[in-house]
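Protein chains in written order, with our numbering: chain Y, 1 to 585; chain H, 1 to 167.
To be clear, the hints were calculated from the coordinates, so they are not data collected in a lab. As the structure is a computational prediction, the values presented were derived from the model and not from experiment. Hints are supplied without guarantee of correctness; some may be wrong.
What the hints assert, rightly or not - In silico negatives: residues of chain H with every beta carbon more than 12 Å from chain Y:
{"#": "1", "residue": "Trp54"}
{"#": "2", "residue": "Pro59"}
{"#": "3", "residue": "Ser72"}
{"#": "4", "residue": "Ala73"}
{"#": "5", "residue": "Ala76"}
What the hints assert, rightly or not - With a straight-line cut-off of 16 Å between C-alpha atoms, the simulated EDC-like cross-links for lysine to aspartate or glutamate are:
{"#": "6", "chain 1": "Y", "residue 1": "Lys332", "chain 2": "Y", "residue 2": "Asp262"}
{"#": "7", "chain 1": "H", "residue 1": "Lys128", "chain 2": "Y", "residue 2": "Asp108"}
{"#": "8", "chain 1": "H", "residue 1": "Lys128", "chain 2": "Y", "residue 2": "Asp426"}
{"#": "9", "chain 1": "Y", "residue 1": "Lys332", "chain 2": "Y", "residue 2": "Glu352"}
{"#": "10", "chain 1": "H", "residue 1": "Lys150", "chain 2": "H", "residue 2": "Asp115"}
{"#": "11", "chain 1": "Y", "residue 1": "Lys414", "chain 2": "Y", "residue 2": "Asp503"}
{"#": "12", "chain 1": "Y", "residue 1": "Lys414", "chain 2": "Y", "residue 2": "Asp323"}
{"#": "13", "chain 1": "Y", "residue 1": "Lys52", "chain 2": "Y", "residue 2": "Asp503"}
{"#": "14", "chain 1": "H", "residue 1": "Lys154", "chain 2": "Y", "residue 2": "Asp503"}
{"#": "15", "chain 1": "Y", "residue 1": "Lys229", "chain 2": "Y", "residue 2": "Glu352"}
{"#": "16", "chain 1": "Y", "residue 1": "Lys391", "chain 2": "Y", "residue 2": "Asp426"}
{"#": "17", "chain 1": "Y", "residue 1": "Lys381", "chain 2": "Y", "residue 2": "Asp444"}
{"#": "18", "chain 1": "Y", "residue 1": "Lys332", "chain 2": "Y", "residue 2": "Asp258"}
{"#": "19", "chain 1": "Y", "residue 1": "Lys532", "chain 2": "Y", "residue 2": "Asp27"}
{"#": "20", "chain 1": "H", "residue 1": "Lys128", "chain 2": "Y", "residue 2": "Asp444"}
{"#": "21", "chain 1": "H", "residue 1": "Lys128", "chain 2": "Y", "residue 2": "Asp378"}
{"#": "22", "chain 1": "Y", "residue 1": "Lys568", "chain 2": "H", "residue 2": "Glu161"}
{"#": "23", "chain 1": "Y", "residue 1": "Lys391", "chain 2": "Y", "residue 2": "Asp378"}
The beta-carbon is built from N, C-alpha and C at its ideal position, and this holds for glycine as well.
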Amino acid sequence: MIAVRNALLLIGLMSGAFAGAAEVDGDWSMPAKDYAATRYSALTQINAHNAKGLHPVWSFSTGVLGGHEGQPLVVNNTMYVVTPWPNTLYAFDLSQEGYPLKWKYRPDVNSNALGMACCDAVNRGAFYADGKIIYNLLDGHTVAIDAASGKELWKTQVADLRSGETITMAPFVVKGVVIVGPAGGELGIHSWLKGLDLQSGRVLWTARNAGPDSEVLARPESFHSFYDKGDDLAAHSWPNEAAWKTGGGPVWGWISYDPQLDLIYYGTGNPGPYNPEQRQGDNKWSCSVLARRPEDGALIWAYQFTPHDNWDYDANAVLILADVMVGGHERKALVTFDKNGFQYTLDRATGELLAAHPYVMVTWAKGVDLKTGRPILDPAKQTGASKGQVKDICPSLEGGVSPASPAAYSPRTKLFYTSTNNFCMDWTAREVRYLQGTPYMGADTPYHAGPGGNLGSFIAWDAVNGRKVWEVKEPYPGWSGALVTGGDVAFYGTLDGWFKAVDAKTGVVLSKFKVGSGVVGSPITFRGPDGKQYVAIYAGIGGDMALLAGDVRSDDPADVRAPPDYLKTLWRHTSQGGIVWIFGL
Amino acid sequence: MVMLRCKSVALIGVLIATQLTAACVRHQNAATSASENASANAVPPAVRYEDRIWAGGVPPPSGGLYSVQANSAQNAQDGEALFNSMNCDGCHGSGASGSVGPNLADGRWRYGGRDEEIFNSIFYGRPKGMPAFGGLLGQGGASLLVGYLKSLPKPDTVPTESSIESP
Numbered sequence: 001m002i003a004v005r006n007a008l009l010l011i012g013l014m015s016g017a018f019a020g021a022a023e024v025d026g027d028w029s030m031p032a033k034d035y036a037a038t039r040y041s042a043l044t045q046i047n048a049h050n051a052k053g054l055h056p057v058w059s060f061s062t063g064v065l066g067g068h069e070g071q072p073l074v075v076n077n078t079m080y081v082v083t084p085w086p087n088t089l090y091a092f093d094l095s096q097e098g099y100p101l102k103w104k105y106r107p108d109v110n111s112n113a114l115g116m117a118c119c120d121a122v123n124r125g126a127f128y129a130d131g132k133i134i135y136n137l138l139d140g141h142t143v144a145i146d147a148a149s150g151k152e153l154w155k156t157q158v159a160d161l162r163s164g165e166t167i168t169m170a171p172f173v174v175k176g177v178v179i180v181g182p183a184g185g186e187l188g189i190h191s192w193l194k195g196l197d198l199q200s201g202r203v204l205w206t207a208r209n210a211g212p213d214s215e216v217l218a219r220p221e222s223f224h225s226f227y228d229k230g231d232d233l234a235a236h237s238w239p240n241e242a243a244w245k246t247g248g249g250p251v252w253g254w255i256s257y258d259p260q261l262d263l264i265y266y267g268t269g270n271p272g273p274y275n276p277e278q279r280q281g282d283n284k285w286s287c288s289v290l291a292r293r294p295e296d297g298a299l300i301w302a303y304q305f306t307p308h309d310n311w312d313y314d315a316n317a318v319l320i321l322a323d324v325m326v327g328g329h330e331r332k333a334l335v336t337f338d339k340n341g342f343q344y345t346l347d348r349a350t351g352e353l354l355a356a357h358p359y360v361m362v363t364w365a366k367g368v369d370l371k372t373g374r375p376i377l378d379p380a381k382q383t384g385a386s387k388g389q390v391k392d393i394c395p396s397l398e399g400g401v402s403p404a405s406p407a408a409y410s411p412r413t414k415l416f417y418t419s420t421n422n423f424c425m426d427w428t429a430r431e432v433r434y435l436q437g438t439p440y441m442g443a444d445t446p447y448h449a450g451p452g453g454n455l456g457s458f459i460a461w462d463a464v465n466g467r468k469v470w471e472v473k474e475p476y477p478g479w480s481g482a483l484v485t486g487g488d489v490a491f492y493g494t495l496d497g498w499f500k501a502v503d504a505k506t507g508v509v510l511s512k513f514k515v516g517s518g519v520v521g522s523p524i525t526f527r528g529p530d531g532k533q534y535v536a537i538y539a540g541i542g543g544d545m546a547l548l549a550g551d552v553r554s555d556d557p558a559d560v561r562a563p564p565d566y567l568k569t570l571w572r573h574t575s576q577g578g579i580v581w582i583f584g585l
Numbered sequence: 001m002v003m004l005r006c007k008s009v010a011l012i013g014v015l016i017a018t019q020l021t022a023a024c025v026r027h028q029n030a031a032t033s034a035s036e037n038a039s040a041n042a043v044p045p046a047v048r049y050e051d052r053i054w055a056g057g058v059p060p061p062s063g064g065l066y067s068v069q070a071n072s073a074q075n076a077q078d079g080e081a082l083f084n085s086m087n088c089d090g091c092h093g094s095g096a097s098g099s100v101g102p103n104l105a106d107g108r109w110r111y112g113g114r115d116e117e118i119f120n121s122i123f124y125g126r127p128k129g130m131p132a133f134g135g136l137l138g139q140g141g142a143s144l145l146v147g148y149l150k151s152l153p154k155p156d157t158v159p160t161e162s163s164i165e166s167p
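In isolation and in its complexed conformation, chain Y is listed as follows (with noise of 0.2 Å):
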């Protein structure tokens, strides 16, 4: 009987193990949902036919008005929230009606971090790794937070935030290792990327993205550039060791991981100042991707997607592993739409650049050379404080497509999703001094609006052809991120504040719905306790966009803004705010 009993639990068991197996992962653990960051989930409960059937089924107010990036995760029938600037950490309990909250954790953040923060107090969301929730503060920090009970397990300083370093990036967490680095490219940071022990949050290495090759970590018998040879490139590509240590060249983007060749994927943002003749050379590693070995940090190889900045265009957008069609042949690459206006194809082993195709209009390079890597100049947008104002150059600094709304990628439609700007901009440079803990930029950049009379859209991309497959045209610039389902629909925000689901085939709107202010933040998808599929967004406007939106708060009788001529209505449509909206069918 006994005997009898263990085997009908045997089979009980396997045959639950096998539902598991064949059940697709409802959760959503990390920012990009997978260490390929493709922002893709495989359910498909909500398709293109009931998608018009979404509507909210409950929103929560954080409490916090600011910048709303980043995203929610969902582990265990629990979502967690991290807040803008102060970082207040929920943890919603979803399998109970109301979602209530089963603990709210409260750290004490320098508040002085507001004025180091170049771009408005946001954070980029939180990562679940092995019970705990790692998350960043803006005054430089790393904690770790018991999942189940909200408990403090370790808090690091990574950051000096007197030196005008902050956190706002999303940490990643692959094989026991915190991997995290600093925003703080306005402000002349040396910048680095650390890794932190997951159990003890004890830093095991720094590895600069500036400086000599002992401290780039980048090692003879195992650094191979595909396009640049020789010893301390990092260092010889500034004019000196004061340039180098006050480049610039920020991590506040985006990490992806490739467990086959064990590499982990991080951009980075604009070299310092903003003047490019106080700093001769290509200033490497500013907006590059750079590929380490989680474990020590090692470098491996290293692309810069603008050597010698002369606009801003940090490369911190999501860098997506897909695998994609080049030239007749299958190659496992790495797909990126930079700042400059180029989305870019690499070789995700080596770092060779397969392609490089213009998503948005381009006029600062006409192209970019395939066998050296390298932009092709135009001279007459070129910057600097002996140039005067330089006119039309586009993308605007603002980016193509901002870093802060990473696109997504389908596997089965084999498209890419992502907002997009439609700005440009004139650039006046002048010379700036170093001082420690101030700006550190030295530009005047007016935009305008490009071509087409919308200043933002939501697009699908064909990354093989290099061609746009469908376009949303939005009337605001696109500053949220994007979300592709197995059912092939594909969702976004906008900043005057409305949610839509589209079709993912056709661009075709399914549903929208306004919720309540501007969307800078990204959706997730997950299924819950009651084996529905549901959709999380936030909303809360926030970022660059706020603060030129002109007046859209109300809370500071002190702060009232005129909305600058690129962007005179928004206002009307959103204010601050910051709230989670679920959808549902």
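Since chain Y is already given, all that's left is putting chain H on it; use the hints.
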């Protein structure tokens, strides 16, 4: 404030004071180079704000760190140069018209708009991210900036009211 700090330290102990003398001298040099008008009068910072509520109806004692005549055309011009060279425009925008930091040209003040209040904001910093420039600028430099900000013409309409496009 630089002098105040040095003096009070001297009261604590000769040894520490000796160690800090070099630092004090350096600070004073920076202050004097920022402006020839830097007077080092060792008084508490201005804390008496006439328009505040006084607990118990008792006004706090008034002090005066701010002691330089700000409202002259020359001071405003020198202050404008400092506004750019000290990277103030990086946060407050060119012409102090606002960016990530608040607009300083619209007559609205988060921490008070009296000369000494603006001075204190610059000199000591403010807790929502305004760095303290007193060490770099000295009293003279900070008061030149006050002069510049006070010289900016105030708009006579609220920006929101004037930005609705006529149909």
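Cross-check of the supplied hints:
Trp54/H, annotated as away from the interface, keeps every beta carbon of chain Y farther than 12 Å; the closest lies near 22 Å. With a cut of 12 Å on Cβ distances, Pro59/H stays outside the contact zone with chain Y, its closest approach being about 24 Å. For Ser72/H, the condition that its CB be more than 12 Å from all CB atoms of chain Y holds, with the nearest at approximately 26 Å. For Ala73/H, the shortest C-beta to C-beta distance to chain Y comes to about 24 Å, beyond the 12 Å cut-off, and the non-interface label holds.
For Ala76/H, the non-interface assignment is confirmed: its Cβ lies about 20 Å from the closest Cβ of chain Y, beyond the 12 Å cut-off. Taking the CA atoms of Lys332/Y and Asp262/Y, the gap is near 13 Å; set against the 16 Å cutoff, the hint holds. Straight-line distance between C-alpha atoms of Lys128/H and Asp108/Y comes to about 14 Å, which keeps the hinted pair within the 16 Å bound. Simply put, Lys128/H and Asp426/Y have alpha-carbon atoms about 31 Å apart, too far for the 16 Å limit, and the pair is violated.
Note on Lys332/Y and Glu352/Y: the hinted pairing holds, with a Cα-Cα distance of about 11 Å set against a maximum of 16 Å. Using a Cα cut-off of 16 Å, the hinted pair Lys150/H and Asp115/H holds, with the two alpha carbons roughly 8 Å apart. Using a Cα cut-off of 16 Å, the hinted pair Lys414/Y and Asp503/Y holds, with the two alpha carbons roughly 14 Å apart. Using a Cα cut-off of 16 Å, the hinted pair Lys414/Y and Asp323/Y holds, with the two alpha carbons roughly 9 Å apart.
For the given pair, Lys52/Y sits about 10 Å from Asp503/Y by alpha-carbon distance, which is consistent with the 16 Å threshold. For the proposed pair Lys154/H and Asp503/Y, the alpha carbon gap of about 51 Å is over 16 Å, so the pair is violated. Restraint check: the Cα-Cα separation between Lys229/Y and Glu352/Y comes to about 14 Å, which is no more than 16 Å; the hinted pair holds. Distance hint between Lys391/Y and Asp426/Y is fulfilled; the C-alpha atoms sit about 4 Å from each other, no more than 16 Å.
Between Lys381/Y and Asp444/Y the CA atoms are separated by roughly 15 Å; this keeps the pair inside 16 Å, and the hint holds. Of the supplied pair hints, the one linking Lys332/Y and Asp258/Y holds, its CA atoms being roughly 10 Å apart against a limit of 16 Å. For the hint linking Lys532/Y to Asp27/Y, the alpha-carbon distance of about 12 Å falls within 16 Å, and the restraint holds. As the CA atoms of Lys128/H and Asp444/Y are separated by approximately 25 Å, the hinted pair breaks the 16 Å bound.
The hinted pair formed by Lys128/H and Asp378/Y fails the criterion: a straight-line CA distance of about 42 Å is larger than 16 Å. Taking the CA atoms of Lys568/Y and Glu161/H, the gap is near 13 Å; set against the 16 Å cutoff, the hint holds. As the CA atoms of Lys391/Y and Asp378/Y are separated by approximately 12 Å, the hinted pair is consistent with the 16 Å bound.
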